[in-house]
Amino acid sequence: MTETTIGSNNKVPSSLTQVGITMKYTLLDYIRSRRFYIMLTIAIVISAILTFVVGYYRPESFLATDLSFYSGWWGNIATYVIVLSGIFFGGDAISGEFQNKTGYFGIPNPIRRSSIYIGKWLSALIASTVILVVFAAITVGNGLYYFPSVPSEFGLSLLFAWFYLIAVLGFTFFFSSLFKSSSMSIIVTAILFLFAFNIIQLFVANFAQIEPWFMLSYGAQIIGNILTVPYPQHQVVTTFGLGGESGAGLGGISMTTFNAQIPVGLAIIGIYFIVTAILGLVLFERKEFTG
Amino acid sequence: MPSIEASNLSKKYGSFTAVSNLNLKIEGTKCVGFLGPNGAGKTTTLKMFTDLIRPSSGEALINGVNVHKQKKKALESVGTLIEMPEIYPALTPREALTMIAEIRGVPKAERKRRVEEAVSEVRMGEWIDKRVSKFSKGMKQRICVASAILSDPRVILLDEPTMGLDPRGMSEVRDIIKSLKNKKRLIFMSSHLLSEVSDVCDEVAIIDHGKLIVYDTLFNVTAKVSGGENVVEIGLRNTVDVELVNKIAEKLPYIVKAEKSDGTTFRIEFSGGLDIQERILTDLVKMKIGIVSYRPSSSALEGAYLSLIKNTL
Chain A
8 MTETTIGSNN
18 KVPSSLTQVG
28 ITMKYTLLDY
38 IRSRRFYIML
48 TIAIVISAIL
58 TFVVGYYRPE
68 SFLATDLSFY
78 SGWWGNIATY
88 VIVLSGIFFG
98 GDAISGEFQN
108 KTGYFGIPNP
118 IRRSSIYIGK
128 WLSALIASTV
138 ILVVFAAITV
148 GNGLYYFPSV
158 PSEFGLSLLF
168 AWFYLIAVLG
178 FTFFFSSLFK
188 SSSMSIIVTA
198 ILFLFAFNII
208 QLFVANFAQI
218 EPWFMLSYGA
228 QIIGNILTVP
238 YPQHQVVTTF
248 GLGGESGAGL
258 GGISMTTFNA
268 QIPVGLAIIG
278 IYFIVTAILG
288 LVLFERKEFT
298 G
Chain B
22 MPSIEASNLS
32 KKYGSFTAVS
42 NLNLKIEGTK
52 CVGFLGPNGA
62 GKTTTLKMFT
72 DLIRPSSGEA
82 LINGVNVHKQ
92 KKKALESVGT
102 LIEMPEIYPA
112 LTPREALTMI
122 AEIRGVPKAE
132 RKRRVEEAVS
142 EVRMGEWIDK
152 RVSKFSKGMK
162 QRICVASAIL
172 SDPRVILLDE
182 PTMGLDPRGM
192 SEVRDIIKSL
202 KNKKRLIFMS
212 SHLLSEVSDV
222 CDEVAIIDHG
232 KLIVYDTLFN
242 VTAKVSGGEN
252 VVEIGLRNTV
262 DVELVNKIAE
272 KLPYIVKAEK
282 SDGTTFRIEF
292 SGGLDIQERI
302 LTDLVKMKIG
312 IVSYRPSSSA
322 LEGAYLSLIK
332 NTL
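Keeping their order, the protein sequence lines are chains A and B.
Quick note on the numbering used here: the first sequence kicks off at 8 and runs consecutively.
Quick note on the numbering used here: the second sequence kicks off at 22 and runs consecutively.
It should be emphasised that the hints constitute simulated quantities derived from the structure, not laboratory data.
Here a beta-carbon is modelled for each residue, glycine too, at the ideal position from N, C-alpha and C.
Mixed in with the good hints, there may be bad ones.
As the list claims (entries may be wrong) - Okay, the calculated beta carbon distance ranges per label pair:
{"id": "1", "chain 1": "A", "residue 1": "Ser-190", "chain 2": "B", "residue 2": "Gly-159", "range": "23 to 29 Å"}
{"id": "2", "chain 1": "A", "residue 1": "Ser-190", "chain 2": "B", "residue 2": "Lys-205", "range": "45 to 51 Å"}
{"id": "3", "chain 1": "B", "residue 1": "Gly-146", "chain 2": "A", "residue 2": "Ile-38", "range": "24 to 30 Å"}
{"id": "4", "chain 1": "A", "residue 1": "Gly-277", "chain 2": "B", "residue 2": "Ser-154", "range": "36 to 42 Å"}
{"id": "5", "chain 1": "A", "residue 1": "Val-140", "chain 2": "B", "residue 2": "Ala-130", "range": "32 to 38 Å"}
{"id": "6", "chain 1": "B", "residue 1": "Pro-128", "chain 2": "A", "residue 2": "Ile-217", "range": "58 to 64 Å"}
{"id": "7", "chain 1": "B", "residue 1": "Leu-302", "chain 2": "A", "residue 2": "Leu-23", "range": "37 to 43 Å"}
{"id": "8", "chain 1": "B", "residue 1": "Ala-130", "chain 2": "A", "residue 2": "Ile-194", "range": "53 to 59 Å"}
{"id": "9", "chain 1": "A", "residue 1": "Pro-155", "chain 2": "B", "residue 2": "Pro-128", "range": "52 to 58 Å"}
{"id": "10", "chain 1": "A", "residue 1": "Ile-194", "chain 2": "B", "residue 2": "Ser-192", "range": "41 to 47 Å"}
{"id": "11", "chain 1": "B", "residue 1": "Ser-141", "chain 2": "A", "residue 2": "Ile-207", "range": "54 to 60 Å"}
{"id": "12", "chain 1": "A", "residue 1": "Val-140", "chain 2": "B", "residue 2": "Gly-159", "range": "38 to 44 Å"}
{"id": "13", "chain 1": "B", "residue 1": "Gly-159", "chain 2": "A", "residue 2": "Gly-277", "range": "45 to 51 Å"}
{"id": "14", "chain 1": "A", "residue 1": "Val-282", "chain 2": "B", "residue 2": "Ser-157", "range": "42 to 48 Å"}
Please put together the full structure from these sequences, using the hints given.
What follows is the structure, given as structure tokens:
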């Protein structure tokens with residue numbers, strides 16, 4: 008990471024500085040782009056709908072305690088806001104360099120590809136964090152209208168949500184490096200996060216009765232679970248059937264639900280980020296601008 | 022002395038060989054045209070010199086530094102324009118070029134001036150603070166040309182730099198390249214426009230099927246193919262008089278043939294190299310016939326090109 012002096016008085020900056028340069032200008036591009044305002048609008052519209060529903064119908068499940076309010080509002084929706092931000096800002100971040108040919112402008116310069124990758128990732132993180140903070144601010148604003156204070160668990164949940172955002176962006180950047188087509192990388196990432204992961208998690212837990220510790224969406228449960236007191240049990244078996252509540256032995260159906268505990272959830276999020284970040288970086292380093 | 026060198030450079034895609042053991046060393050300050058038919062391997066070669074693709078084997082060296090082992094050092098004084106790059110659409114030319122200037126380490130005190138000068142050189146001054154998303158292809162290409170010259174590089178790699186430009190834009194880019202030549206730069210440019218190459222370049226490298234066919238001065242290449250004869254085109258201020266052309270052919274012994282081309286130009290075919298070419302010019306100037314231009318004939322290069330490419334089929 009040393010500076011290199013050349014013939015004229017130009018001095019190629021260190022790779023770390025170049026990460027900052029890439030981040031600054033990519034962020035400028037993001038902040039001015041239509042997609043940023045669309046994502047911001049989505050976050051505001053979701054908040055507006057919740058504000059109206061809670062204010063008008065006053066549901067008991069939301070207004071029983073301050074924790075139930077934050078659990079119902081933030082715990083249920085934050086992960087979707089994060090996933091949408093990840094798709095919006097990371098879905099084509101790298102594939103766009105190939106398909107839109109912006110890579111031809113930046114890469115043939117004295118800069119490592121890793122500096123471009125990390126710079127773009129950081130700018131996507133900042134843009135997504137802005138969206139998450141706006142959603143969190145509206146949540147807190149509504150919470151303070153109904154309850155006098157913000158529970159400390161919400162602070163932890165917010166932190167977990169930010170960790171999840173980091174992992175989601177690691178994952179979306181990895182998928183974006185995998186494809187050369189922007190639309191393909193966006194569609195595949197959206198399908199995985201919005202449908203496939205949830206379905207796989209449901210099937211694995213209920214039919215195979217295996218803890219889905221290998222699913223990022225499972226790790227993300229800690230965002231909502233921390234807002235539940237007492238913290239949900241690791242494994243819950245619910246039986247539905249003919250013989251009343253227990254139903255066991257009378258042809259009833261058992262449903263197994265796993266709840267990620269905090270250390271497990273953090274480990275899943277951390278490992279997903281590290282593995283996908285490394286894979287994405289290696290892919291981008293090796294990928295060629297052909298065609 | 023700036024240099025670029027391909028050493029046993031190859032690129033394979035499965036069983037298809039795009040570039041095959043290319044050995045080419047270009048040194049000094051000059052402009053070298055890189056010619057070849059579609060799919061010959063020109064762009065692939067330039068991409069290997071700019072980290073856009075990796076060689077299957079061999080080395081791409083700039084100023085003696087391997088591009089794929091020490092990219093930052095190899096490209097520190099290189100300006101590039103490969104294919105038709107896109108710029109982040111929400112940025113303005115000022116921002117996009119400032120980003121490149123920062124990456125290339127242009128001192129902060131000089132950045133603003135250099136960006137404005139580069140934009141002005143490509144005649145985009147009035148668009149400097151407008152967003153790129155509003156630009157036509159030709160306008161974006163001009164900004165990319167500005168990006169290539171922005172940091173005052175010693176080596177400039179250009180892949181069909183006038184592609185997508187209108188005739189005026191093409192002429193302006195050619196003028197920029199000529200001015201860079203005067204600033205002692207090494208320019209390596211691919212082009213399909215033989216007239217452009219003969220107008221701008223001192224030397225040519227011709228590649229076909231991924232293999233180097235010839236690398237020599239423009240005159241030597243055309244001379245080799247035409248059996249030792251070269252052709253220059255002379256432009257006069259006034260209409261060319263056929264009698265005058267015949268008189269020149271009789272008077273200057275080393276001229277093989279002289280003929281009128283069109284209204285104000287005529288062609289001279291001669292035997293020999295640059296010395297003879299210089300003598301012809303000196304003699305013609307002495308004759309005070311009103312010369313306004315004197316350059317190697319693009320049709321001669323075309324003839325040489327077609328002959329060399331045909332030989333490889």
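Verification of the supplied hints:
1. A:Ser-190 with B:Gly-159: 23 to 29 Å: holds, 27 Å
2. A:Ser-190 with B:Lys-205: 45 to 51 Å: holds, 47 Å
3. B:Gly-146 with A:Ile-38: 24 to 30 Å: holds, 26 Å
4. A:Gly-277 with B:Ser-154: 36 to 42 Å: For Ser-154 (chain B) against Gly-277 (chain A), whose Cβ atoms are near 38 Å apart, the range 36 to 42 Å holds.
5. A:Val-140 with B:Ala-130: 32 to 38 Å: With Cβ atoms ~37 Å apart, the hint holds.
6. B:Pro-128 with A:Ile-217: 58 to 64 Å: holds, 60 Å
7. B:Leu-302 with A:Leu-23: 37 to 43 Å: violated, 55 Å
8. B:Ala-130 with A:Ile-194: 53 to 59 Å: violated, 47 Å
9. A:Pro-155 with B:Pro-128: 52 to 58 Å: Check passed, 56 Å falls within 52 to 58 Å.
10. A:Ile-194 with B:Ser-192: 41 to 47 Å: Given range 41 to 47 Å: holds, Cβ gap about 45 Å.
11. B:Ser-141 with A:Ile-207: 54 to 60 Å: At 58 Å between Cβs, range holds.
12. A:Val-140 with B:Gly-159: 38 to 44 Å: Given a distance of about 42 Å, which is inside 38 to 44 Å, the answer is holds.
13. B:Gly-159 with A:Gly-277: 45 to 51 Å: holds, 49 Å
14. A:Val-282 with B:Ser-157: 42 to 48 Å: Taking Cβ atoms as reference, Val-282 (chain A) and Ser-157 (chain B) lie about 43 Å apart, which means the hint holds.
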